[in-house]
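Peer 1: Each chain, written out:
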Amino acid sequence: MNVSTAIGLAVIWPLFGGILVLLLRKRPNLREAASLTTAATQFILIATTILPVVRSGGRPVLDIVEILPGLSLSFEVEPLGMLFALVASGLWIVTTLYSIGYMRGHHEKNQTRFYFFFALAITGAVGVSFAGNVFTLFVFYEAITLSTFPLVTHHGTEEAKKAGRMYLGILIGTSIAFLFLAMVWTYVVAGTTDFRSGGILAGKLSDGNLMLLLALYAFGTGKAALMPFHRWLPAAMVAPTPVSALLHAVAVVKAGVFTIMKVSVYIFGPDLLTSTGASTWLIWVAAATIIIAGCIAIQKDNLKARLAYSTISQLSYIVLGAALATQWGIMGGSMHIVMHAFGKITLFFCAGAILVGAHKSEVSQMDGLGRKMPFTFLAFLIGSLSIIGLPPMGGSWSKWFLMLGAADAGQLMMIGVLMVGSLLSIAYLMPVVARGFFRPAPIEDSSHGEEEAHGEGEGGIREAPFFCVLPPVLTAIGCIILFFSAQGIYELLSGIG
Amino acid sequence: MHDSGLSISSHLPAFQIAVPLLSAVICVLIRKARAAWLLATTVAWAAFAGACVLLNRVILHGTISYEQGGWTPPWGIELRIDLFNALVLIIVTGICAVVISASLTSLSMEVPEKKHNLFYAAFLLCMTGLAGMTITGDVFNIFVFLEISSLSSYALISQGATRRALTSSIQYLVMGTIGGTLLLLGIGMLYMVTGTLNIVDMADQLAMVGPNRTVLVALACVTVGTSIKLAVFPLHIWLPNAYTYAPAIVTAFLAATATKVAFYVLARFIFSIFGVELAFEQLHLDRVLMPLAIVAMFAGSIVAIYQTDIKRMLAYSSVAQIGYMLLGLSMASVTGLTGGIVHLFNHALMKSGLFLVMACVLYRVGSTHIDAMRGLGKRMPFTMAAFVIAGLSMIGVPLTVGFVSKWYLVSAAMESGQWPVAVLILLSSLLAVVYIWRVVEVAYFQEAPEDAPEVKKAPIGLLVPVWTLVFAIIFFGIFTSLSAGVAGDAARMLLGAGS
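For the record, the sequence lines run as chains A and B. Just so we're aligned: the first sequence equals residues 3 to 499 in the numbering used here. Just so we're aligned: the second sequence equals residues 18 to 516 in the numbering used here.
Please note: incorrect hints may appear among the correct ones.
To be verified - Pair by pair, the computed Cβ-Cβ distance ranges are:
| id | chain 1 | residue 1 | chain 2 | residue 2 | range |
| --- | --- | --- | --- | --- | --- |
| 1 | B | 78 | A | 158 | 49 to 59 Å |
| 2 | A | 273 | B | 388 | 57 to 67 Å |
| 3 | A | 65 | B | 69 | 46 to 56 Å |
| 4 | A | 497 | B | 474 | 50 to 60 Å |
| 5 | B | 474 | A | 158 | 18 to 28 Å |
| 6 | A | 303 | B | 436 | 41 to 51 Å |
| 7 | B | 436 | A | 46 | 42 to 52 Å |
Hint data in this document are derived by calculation from the structure and do not stem from the laboratory. Remember, predicted model here, so these are calculated numbers, not experimental data. C-beta atoms are modelled at their ideal positions from N, C-alpha and C, and glycine is treated no differently.
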């Protein structure tokens with residue numbers, strides 16, 4: 003197949019899947035099979051047709067239509083986008099498996115709508131990752147926001163409605179007020195919004211204006227959850243857990259940090275950023291977000307809320323990498339997109355499994371649960387270690403490169419910030435595992451789980467449904483594999499710039 | 018190819034006026050509601066087709082000058098079609114055609130059937146007037162056609178189901194007459210100074226005369242007069258009532274055409290007659306229009322947020338959107354004017370689409386109060402989906418027409434270094450998020466009240482026009498050569514002619 007065709011197909015493939023889901027709404031099993039098949043074929047399509055070209059140094063292009071002079075809807079795949087697309091579509095497969103277990107196990111309503119908008123969101127994510135210019139990225143960025151809105155408000159309750167308002171208010175608000183402005187400004191100054199190696203802004207703006215433009219981009223990308231525009235992410239946790247897992251740990255938030263990374267590499271260019279110091283302030287904002295969000299996470303008793311703040315904290319590692327704008331910083335930040343994705347999706351899968359299997363959502367209720375749900379908690383442990391950045395988990399590599407990047411840039415303070423960030427993540431993740439395995443279970447527990455009615459008493463294993471447990475185990479294994487196969491990612495990412 | 022000699026097609030400009038005018042008379046004579054509708058619809062679609070042919074001809078061969086009765090201008094009355102008014106003509110006739118197609122279904126709810134033929138007669142007259150104002154090359158004719166369109170629109174508005182339609186109509190009549198009179202005064206003074214009524218000739222004469230006090234007063238009169246018809250803040254007070262209480266179909270039509278033609282007239286006077294130098298460099302019209310435009314953008318949107326009747330909400334939103342158009346005009350740069358003109362085109366599609374959605378709701382639920390929207394997301398899925406798409410376009414989401422307008426306006430502000438204006442445009446479009454999403458929330462998150470009668474999906478006769486407009490909103494959001502491309506050329510032409 004022609005690579006250009008493959009790009010177009012990869013972007014709209016989930017949309018077809020979504021339509022198929024709508025058509026099969028009366029037959030749930032076929033409908034889920036459609037989701038699963040779409041996800042799998044999507045991944046295979048991207049991995050077999052586009053990946054080889056990009057790995058061999060190609061930058062396949064697909065121009066769709068020129069909307070205004072110099073402003074066209076077009077795709078160009080480069081290593082960073084390649085990686086993001088692979089992560090998003092690959093984890094979509096696992097998440098679909100998980101959704102089947104979760105949505106049925108948790109007796110959710112409106113499942114057709116759920117799978118439909120889920121597929122739409124993936125189209126948005128792949129569109130963002132392949133975007134050849136800021137405009138195209140903006141189009142799909144907004145598409146993600148709009149298609150995930152029905153997912154966030156899935157339950158239709160008053161709480162969901164409020165969360166939806168915050169979600170839309172911050173994401174649409176920042177993107178229209180800042181990102182749009184940044185995009186038009188770039189266009190007016192440079193005459194194009196194309197992503198090009200080395201950037202398109204050199205010599206076009208004064209240092210102060212560069213800083214301002216970067217601020218418009220960084221804060222305009224609300225999905226990156228940079229403080230103070232982070233509140234939508236905890237609010238979005240009212241969504242069903244598969245949504246939190248794939249979208250609010252991978253697709254949506256990574257689309258945000260991906261945007262910042264891509265803009266700093268291909269619009270500003272690392273050389274421009276380092277020579278003018280336009281991104282120095284962003285380093286500090288990212289650092290502050292890492293630490294503050296980490297501190298808040300410790301105080302959250304609700305597991306999903308804790309994970310949400312952990313995500314905010316971890317996202318800023320990637321922003322930090324982009325802001326450092328050194329070779330290692332960019333490498334570490336980009337790699338963290340993958341590593342954090344696998345780690346965090348594992349944790350969310352586990353949180354959902356605990357909810358479905360044991361009906362527990364608060365950390366303080368999880369005493370002794372590890373012995374009932376050993377696979378879930380083991381997966382949680384592995385995911386946590388990867389987030390913290392300990393070998394032999396994938397997360398250790400990205401943190402290592404970020405440290406190198408900070409040292410390279412002469413930002414020794416940032417090494418300290420990275421270490422504190424890791425310590426904080428130990429403090430908010432480990433207690434969950436520790437409670438689960440080492441604390442005795444409370445006595446009153448046996449009244450729960452009417453549906454399952456195992457009757458095996460305190461000591462028996464009572465995991466969530468199979469489809470809820472398998473995915474976190476898979477992604478946890480993925481975290482370990484990533485540690486040993488980081489070489490491939492490293493080589494792919496070396497082509498950035 | 019079409020221009021072989023004096024074939025029928027060379028008289029096409031005259032047909033744009035003559036055919037609807039005669040058909041209006043026939044409508045009065047027919048008396049059968051359905052036959053009158055069929056005639057009006059056919060005429061409207063034919064006029065639209067004619068407008069498309071005319072635009073194509075202008076693009077290919079340049080400005081068309083049609084001498085009525087064979088009298089050469091400046092003595093004879095000229096119909097003069099260039100890129101700018103060809104585009105406006107397309108909007109007027111196109112929206113008229115779509116809306117009138119929907120009226121067979123929608124009107125039966127609001128207007129008794131025995132009055133339908135008169136309704137269609139007034140409708141066609143209104144279209145005649147608007148088309149006439151658009152394509153005439155004679156300033157006095159602008160006034161004549163303005164009165165034709167205004168008088169027929171007062172009649173149309175008064176057909177609303179409640180008695181408040183009557184007072185709204187009278188309010189509009191009073192305001193509209195003041196506006197028309199001011200315009201006439203301005204035209205009279207211009208005639209005094211230049212001795213001609215032909216637009217091109219008048220511009221030439223004015224350039225020779227140079228600015229004197231009479232010319233300045235004429236400019237003031239014309240600007241204020243058309244601003245009333247355009248509903249420029251704070252001269253907009255007639256608009257919310259008129260749009261709220263008129264039959265839904267009439268609102269969908271007037272919102273997309275009447276104010277747009279007024280905008281056209283204002284731009285024509287400023288750029289083609291007075292010229293940029295007089296209007297902006299000597300008189301600093303921008304210092305008046307720009308603040309008013311910005312205030313309108315905010316005031317209109319903020320007031321819209323607090324409305325409980327959705328038709329009224331959309332009416333106030335129109336006040337805000339007119340602000341955007343005026344803002345583009347007041348920047349007097351190619352990009353800015355392009356933004357103004359393209360927003361004229363785009364807003365016509367969005368707003369008539371939204372008002373037609375309200376026509377659907379009114380038809381099935383019987384009210385356009387926000388409480389009536391409860392649960393409509395499930396009960397009228399296609400109708401509300403259309404609302405969401407048109408609403409997203411109002412917000413300025415990419416791949417819809419709203420984005421294109423915003424893009425031009427913001428980049429125009431940036432090009433001229435007017436940073437605060439760029440920021441204000443974007444901030445005001447956030448207000449659109451609020452008022453649009455308010456409706457979406459009610460429609461999708463609130464359940465219909467228990468005692469609500471069962472609501473069926475909207476009838477196909479309304480859904481097809483609605484979705485035609487929705488399709489246009491997306492189509493022209495992606496393929497902009499017709500809207501933005503022509504608007505850009507028109508703006509270059511207007512500014513080139515002025516200097």
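Peer 1: Which of the numbered hints above does this structure break?
Peer 2: 3
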